[in-house]
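Construct the entire structure; sequences and hints are all you get.
These protein sequence lines are chains A and B, in that order.
At the far end of the first sequence sits residue 455, using the numbering used here, and the numbering has no gaps.
At the far end of the second sequence sits residue 145, using the numbering used here, and the numbering has no gaps.
None of these hints come from the bench; they were simulated from the model.
Just so you know, even glycine gets a beta-carbon here, dropped at the ideal spot from N, CA and C.
Do not take every clue at face value.
Looking from chain B toward chain A, a few residues come up when the C-beta cut is under 10 Å (computed) [as the list claims (entries may be wrong)]:
hint, residue
1, 48
2, 58
3, 79
4, 80
5, 84
6, 86
7, 87
8, 118
9, 121
10, 123
11, 131
Listed here are the chains, written in short residue letters.
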Amino acid sequence: MTKMTRRKFGALLATSAAASTLAAPAVLSAAKMRLVVIGGGPGGTTAARYVAKGSKDVSVTIIEPKQNFTTCFFSNLYLGGFRTLASITHSYGTLAGQYGVNMVHDVAVDVDRAAKTVKLGRGADVGYDRLVVSPGIEMLYDSIEGYSREASTMMPHAWQAGTQSAALKTQLEAMEDGGVVVVAPPPNPFRCPPGPYERICMIAHYLKANKPKSKIMVLDAKNKFSKQALFQEAWTNHYDGMIEWVPEEVSGGVKAVKADSMEVVMEDETVKAAVANIIPAQAAGIIAKRAGLTNDGGWCPIDPHSMRSKMDENVFVIGDASVASAMPKSGFSANSQAKVAANALLADLTGSKKFPAKFRNTCWSLVATDDGVKVGADYKGGDEKIEVTSKFISKTGEAADLRAQTSREANGWYDGITKDMFG
Amino acid sequence: MIAYFASMRRSIAWGVALAAVAVAGLSSLSVLEAEEERYAKILAQADSAYGEYLAGQCVTCHAPTGAPEGIPHIHGLPDVYLVQTMLAYKEGTHGRTNPAMVNIAKNLSEEELGSLAKYFSEQPVN
Numbered sequence: 033m034t035k036m037t038r039r040k041f042g043a044l045l046a047t048s049a050a051a052s053t054l055a056a057p058a059v060l061s062a063a064k065m066r067l068v069v070i071g072g073g074p075g076g077t078t079a080a081r082y083v084a085k086g087s088k089d090v091s092v093t094i095i096e097p098k099q100n101f102t103t104c105f106f107s108n109l110y111l112g113g114f115r116t117l118a119s120i121t122h123s124y125g126t127l128a129g130q131y132g133v134n135m136v137h138d139v140a141v142d143v144d145r146a147a148k149t150v151k152l153g154r155g156a157d158v159g160y161d162r163l164v165v166s167p168g169i170e171m172l173y174d175s176i177e178g179y180s181r182e183a184s185t186m187m188p189h190a191w192q193a194g195t196q197s198a199a200l201k202t203q204l205e206a207m208e209d210g211g212v213v214v215v216a217p218p219p220n221p222f223r224c225p226p227g228p229y230e231r232i233c234m235i236a237h238y239l240k241a242n243k244p245k246s247k248i249m250v251l252d253a254k255n256k257f258s259k260q261a262l263f264q265e266a267w268t269n270h271y272d273g274m275i276e277w278v279p280e281e282v283s284g285g286v287k288a289v290k291a292d293s294m295e296v297v298m299e300d301e302t303v304k305a306a307v308a309n310i311i312p313a314q315a316a317g318i319i320a321k322r323a324g325l326t327n328d329g330g331w332c333p334i335d336p337h338s339m340r341s342k343m344d345e346n347v348f349v350i351g352d353a354s355v356a357s358a359m360p361k362s363g364f365s366a367n368s369q370a371k372v373a374a375n376a377l378l379a380d381l382t383g384s385k386k387f388p389a390k391f392r393n394t395c396w397s398l399v400a401t402d403d404g405v406k407v408g409a410d411y412k413g414g415d416e417k418i419e420v421t422s423k424f425i426s427k428t429g430e431a432a433d434l435r436a437q438t439s440r441e442a443n444g445w446y447d448g449i450t451k452d453m454f455g
Numbered sequence: 020m021i022a023y024f025a026s027m028r029r030s031i032a033w034g035v036a037l038a039a040v041a042v043a044g045l046s047s048l049s050v051l052e053a054e055e056e057r058y059a060k061i062l063a064q065a066d067s068a069y070g071e072y073l074a075g076q077c078v079t080c081h082a083p084t085g086a087p088e089g090i091p092h093i094h095g096l097p098d099v100y101l102v103q104t105m106l107a108y109k110e111g112t113h114g115r116t117n118p119a120m121v122n123i124a125k126n127l128s129e130e131e132l133g134s135l136a137k138y139f140s141e142q143p144v145n
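This is the structure:
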């Protein structure tokens, strides 16, 4: 997969010639710079792969408990019946086999930044020269009274893909026609701003075909949301009468849940749900907090030119956990930030050239069969934070063939980003 | 494959030239020469290493291998064709209107899009 150029081949020969003069292989391996990456999602895999293909002189380790990774992006399409879970689940085999990335399937439980070590769940310490922290999000179960990790098996958030997604789909398939599906989108900031609203479309798509007397009640923690005009157009065009969106200013938001009786409690009203998709408030993955990388809001401040932590020059934070200002928390953003970080990491570790930080994000949403919409922007490292250079969004009332093309683009992007992550 | 793109490139270049002749009544040769001169100038200042870095933001969508769906493959395309296409997005010509690509192209300097074109043209076609 990686291309062996004449120049690189020469460099390897030079390395092995030098190695033969050294006393022991252990000396050589100890001399390799060590990059450790916490998290095997869009940020972590991309950073690891780009550093690994950028230099043979850096050893790259990913610490990730999961053996296989199910992408959160496109998991709504699984709920709608457009994708299987298997089709959005990926192996780390190519990263390990072709890029030489050392996969450690364990939990990173602590970081000693003074000693530059990561403590693993099974007790060992892993030393690093540079650390990438890309842990994604932590669910703040306490943000809703009565909600908890246990309650989430009955009222899934499905905001981390895999078993949670499967639980929500199973419940949708088991419910009787005529029931109420409650979707409770979280307060800002949260992973994937258009996600809850694409999900509403996908659940409605399933219900329209299978349980057409059912309703979706959206109990939002906010008064406006991403791509709002586009989603509301889709709800009218494709699912008229099925979806009721209740903004925070009307309901006061979800105050409590009772998982045993499937009740969702607001200030003045309680709804009995057939299925309840409760998405709580979020913060950076817990390891970021344990490592002392978070601010008072629970997210990690970074240098906008490199994604380097403002708390520690040897640590980079990418993806959902970072304070990326104008950039939304998305898999695309994490992948983009990882490449800026990889460029800076290679400059740190090998002395290669550091280029100006340029970022990009595009979020496609499928609203119905052959009907896709998108929003996106380019970004740069600004004086204090990541800044938008320009942006675009799909328009309401677009022709059907354009919408069909946009939905095909989303499939092309999925193929592209997953190859960019996993090789 | 290369021959196909080379012939496509010639036909696109001639199409541009002939359209310009129809509108402005210029000599086809001078328009073609001006276009080719512009692309050559852009490619002359291209930097593959910078192109490789910038390309990171392209390959999130443009996969290097597999059957393309909705988003075309760009690895291994001729540099002149890639420069011409990115300029069309940047300048809003030749019916290139995809808002994602227009948004990207307008943020790229001629040096940057030339560097991208050089880098992608040097990649293997799979």
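Comparing the hints with the structure gives:
Interface restraint check for residue 48(B): the shortest CB-CB distance to chain A comes to about 37 Å, outside 10 Å, so the restraint is violated. Among the interface hints, the one on residue 58(B) is violated; its C-beta lies about 23 Å from the nearest C-beta in chain A, farther than the 10 Å criterion. Hint status for residue 79(B) relative to chain A: holds, with the closest Cβ pair at about 5 Å, below 10 Å. Interface hint at residue 80(B): satisfied, since its Cβ lies 5 Å from the closest Cβ of chain A, which is below the 10 Å cut-off.
Residue-level restraint check for residue 84(B) holds (minimum Cβ-Cβ distance to chain A is 7 Å; threshold 10 Å). Restraint check, residue 86(B) versus chain A: the minimum CB separation of about 9 Å is within 10 Å; hint holds. About 6 Å separates the beta-carbon of residue 87(B) from the nearest beta-carbon of chain A, less than 10 Å, and the hint is met. With a cut of 10 Å, the hint placing residue 118(B) at the interface with chain A holds, because the nearest CB-to-CB distance is about 4 Å.
With a cut of 10 Å, the hint placing residue 121(B) at the interface with chain A holds, because the nearest CB-to-CB distance is about 7 Å. A cut of 10 Å between beta carbons decides the hint on residue 123(B): the least distance to chain A is about 6 Å, and the hint holds. Because the closest C-beta pair between residue 131(B) and chain A is about 9 Å apart, less than 10 Å, the hint holds.
In summary, the structure is inconsistent with hints 1, 2 from the numbered list given earlier, while agreeing with the others.
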